[in-house]
Amino acid sequence: MEHSSSITPAIKLSGITKSFGLFLANRNIDLAVERGTIHAIVGENGAGKSTLTRIIYGMHQPTSGRMEIEGTPVRFSSPRQAIRAGIGMVHQHFMLVQPLTVAENIVLGHEQKGLFSPLSMKAHKEAIAELACRHGLEIDSSATVSDLSVGQEQRVEILKLLYRRAQILILDEPTAVLSPPETETLFSTLRSLRSAGKTILFITHKLDEVLSVSDRVSVMKKGELVGTMDTETVTKEALARMMVGRNVLLKVSNPPQEKGKPVLVIDRLSCTTPKGETRLRRLSLTVHEGEVYGIAGVEGNGQSELLAILWGLYDRHVRIEGEVTVCGQSMLGLFPSEIAAAGVSFVPEDRLKTAVITGFDIGENLILGRHRERQFHHGPGFDLTRISSYTRETIDRFDIRCDLSSNPPLASLSGGNQQKIVLARELDRPDMKLLVLAQPTRGVDIGAIELIHRKIIDGRLKGLAVLLVSSELEEVISMSTRIGCLFKGSIRHEFSDEEIREGRAREADFEKKIGLHIT
Amino acid sequence: MPRKTATAIIVPVLSILAAMIASSTLVALTGNNPLMVFRKMILSTLGSGYGLGQIIFRATTLLLTGLAVALPFKVRLFNIGAEGQLLMGSFAAALAGIAIPATLPMPAAASLALFAAMCAGCFWALLAGWMKIRFGVNEVISTIMLNFIAQACTGYVLTYHLAVPSTVHTPLIAESSRLPRLDHLLGLFGKSPANVSTFIAVCTSVAVTILLYRTRFGYEMRAVGLKPEAAAYAGIKTDLHVLSAICLAGAIAGLGAGNLVLGYKHYYETGLTSGAGFMGIAVALLADAHPLWLLLSALLFGWLDYGGLTVNTSVPKDLFMMVQAMTILCIISLTALLRRNQNR
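Quick mapping for you: the protein sequence lines, in order, are chains A and B. Going by the numbering used here, the final residue of the first sequence carries number 523, and the count climbs one at a time with no gaps. Going by the numbering used here, the final residue of the second sequence carries number 525, and the count climbs one at a time with no gaps.
Looking at chain B on its own, in the form it has when it is part of the complex:
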């Protein structure tokens, strides 16, 4: 027994140490002092309210896209399409935000825009789910293709019909549909883009946990994921759960638009999502697709994401991307090792 506790402490420490040594070597190889770089990164991320706010802002989107991958994972579906669902959601949120009459009061307008985003994300995921149960199309392929279509489609409409002349973004959304920032509400995280969406995301993650582990719906869903044949014998409609898991995932990915469009940019622009949908896959896998562990995993990824930006004057962006990826690989492989040892 004490041996196990020891490994439980040693492994995470080791993994962080390994990641730091590997990244230090990389940084040193390019002629920078790794200690200086790390110091700068930690100070400007964890050391300031603004930095913390940035981490929270990024983690919020990642938490939602991570959930959008983790939930279908429970029914053995691999949703690569969180990116496309987030794109469609963001676009819909911006459109709704523009179209909403300025007279509508704030909570109603913002909820309406959020609802539009969820519907768009849900619809985009539903397409993949429907193809899966109707024609047996593998969801990995269909969601990848739907990502391309979402990107091209939003890009086309934006460039040719909606963009403010000589920019790559839409007009601003109505004042009333914007989500308040945390610095306005709480006086924390000075001037960072962190906004109310963070609460929405955390609540979603708790709600998904309750849904999965406390309700009949979640029980049936997990049964379908663990053993579809046995679920069918228990009178559970497996197709229904495949469809609802992926639709819920799409709606959750769409919620990410609240953070990006309604809470931060206040318009839709090309490259708005910056791959958060794809990063969600890694976030979900690191957390073993558990909705509560996702909170930690999203924070870690959010921290690494923003950390790279803070040091890009001294460390090239490409290099920091390597550092990020190496850190993630170290953590993933060592946690996998830990899990395997525990199972013995």
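Isolated chain A (complex conformation):
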């Protein structure tokens, strides 16, 4: 008995195919996930990873194929049945009731009491605390969910599954929203769950994560599963090649260049909230033409405030001192449209919330914020033929994958393609002098990262000044010509071009060196 169970995979898929209309999202997929392992699924945006996990979780029904859970053939018509079979899923966008407490959220739907019988939270809280402690998921179960950080919310989601005794955990891009330290904590939780015998299936497109935490890895490409391997036997480059189908430059070439006149000058900028908290402390920096100035730092050290001020979207009650100029023109107090007119382009950090409108179609999103440009107008209204030809041309140039003929809303595009649309729009502004990028490659797969990085370097070579704010140290190091270490609202240390060039050769050491200045 013992023996046979050890070879029965937790999940076994045979010939799973899923079509949406004419589009094949998954094609003839065979996959076995061993019990008690961490199994990663990697692939580009739109490769069909999410669809596959949704099939396992009962959210989609396969068009054909068979599925076995713990050796039993199953056919789920809804997630309810999947949950009963011991499967739990943490979605990319969390499903928590914001005004309720952590404990209430975890118990919700699993009260195991009659509808009108008294519900004592005490016993539940103890059980939750015990679970949390065992897997390094410490959290205050009386806290209100709306007060939690993203990382903490994710812990609640995982606890929710464990509380329902899920044996198989599916995580859809769990690290997309996490900072590096939070990612580390998540991984140690995953390892602890594995040693408790749970099976974990997680989707990602960050190859470093695959290598550091998974036991096995499956690669998907255009709806097909192109291979499953033991993680020990693969390299990052090989995985990248399997995913994209060609050799991918994980680091785009970054040729040196003489820097030109100063474009963005921030002079002793301070920002104090009405409550008296200082968010920026006499921050000074200068970005020149033909230069990428990277800001390295742990989130919450003033990045959001700096970006908000640069784009004129800060709360007008905060007190601001100092000066921000672009090509000599003061930017403080201007509205975003005026700042854009001064030659500034801006990619905000929270794409879904602030950079795109998912109810608009692709063309409408491509002109968002640039809809005042003469080229898109004809008489009193929009020039629809010009907008559609611009859309077609941009989609080609930025390799945005979508079916234009049905004019789909943006919501139907994958995250990476949405980000390409934002980048395309902002990199294309006429008469641009300064480009401000916040997390430009968050949630984007490696193929797209390469393209985005190349476009940024191209812009720089044409004399553009770029300010790059990213929580990915690797990205900051490979893209920047200078790096400023942001700590508690000011630039604590700056690395010069030569230092960075040397640093790239010994990257691990250099990351540690930067780390010292940002913590």
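Check the hints yourself; a few may be wrong.
Stretch-level coverage of chain A by chain B, calculated; a stretch enters the list once three of its residues show a Cβ under 8 Å from a Cβ in chain B [to be verified]: (1) 336 to 343; (2) 362 to 369; (3) 375 to 389.
Keep in mind the hints are simulated off the structure, nothing from the lab. Just so we're clear, the structure is a prediction, and the values are computed from it rather than from any experiment. The beta-carbon is built from N, C-alpha and C at its ideal position, and this holds for glycine as well.
Go by the hints and put chain B onto chain A.
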């Protein structure tokens, strides 16, 4: 694919059938023959020029109030105040019509009165919009309150200062400020109150469509409605659009006065609007707030509205109101069902 087309045909047919069965039952329960009642209603509404004219007349007001609800809906505002805006507009139109010297020629006088109506409606809506962006007052509450104020205010001025003695209406407006009726112009819709306002309303609806879907202004407005944060990042002034959407809505509701006062009654009286402002909410929601679908939705509501009047000798008014409401509920729920199935 063929399954979808089938549902697209079956659902509207089903919804009308369901509505008819439900209303027949109701009518039969009160001891009337439903077939006779329906026959009478259809003959006297769709079967005569006068009946058609009445439907068009009622649909015109509803189209304008429907637009006044639908346009703010695009920026996520719920304008409950079309009634108050229409009241203020009607009152202003009547006042202007009375005050205009008889020597002013017709197009100028009528335009002046219409303009007064639009200004009044716009001002009334502006109050709600201003409270919204300045103090964050929810527009649902403020427009409801403004409806009460409009009603009381016009009622007071009418009763104590303006009404022709022993009536509840103002004196007649100047001849030159009246809008011509369609039967005079076209020889159609014999003696019905349908007037030139219908053209104005249809043009307004087309203009609003163009504004929303073809211009920068409409693009910004829709962006504000869909995702205010993203609109702000795109450099769009969200407050400006909230304010202009509700002001435009007020002006459009005010245009309804053209139909009621300048085209039909030629004076202002208590109860003139007969709830057309509130009915506009249902008209807009049924059309999913799309300015062109509103044309159909307003016609449907206009038909039901007048249909009730034609049979009130055999069917009590209350009963027909139930029939009306049930028909609307059937259509709304089944179209919602249809939309949901399409989205799957």
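Results of checking the hints against the structure:
no., hint, result
1, 336 to 343, "holds (count 5)"
2, 362 to 369, "holds (count 4)"
3, 375 to 389, "holds (count 7)"
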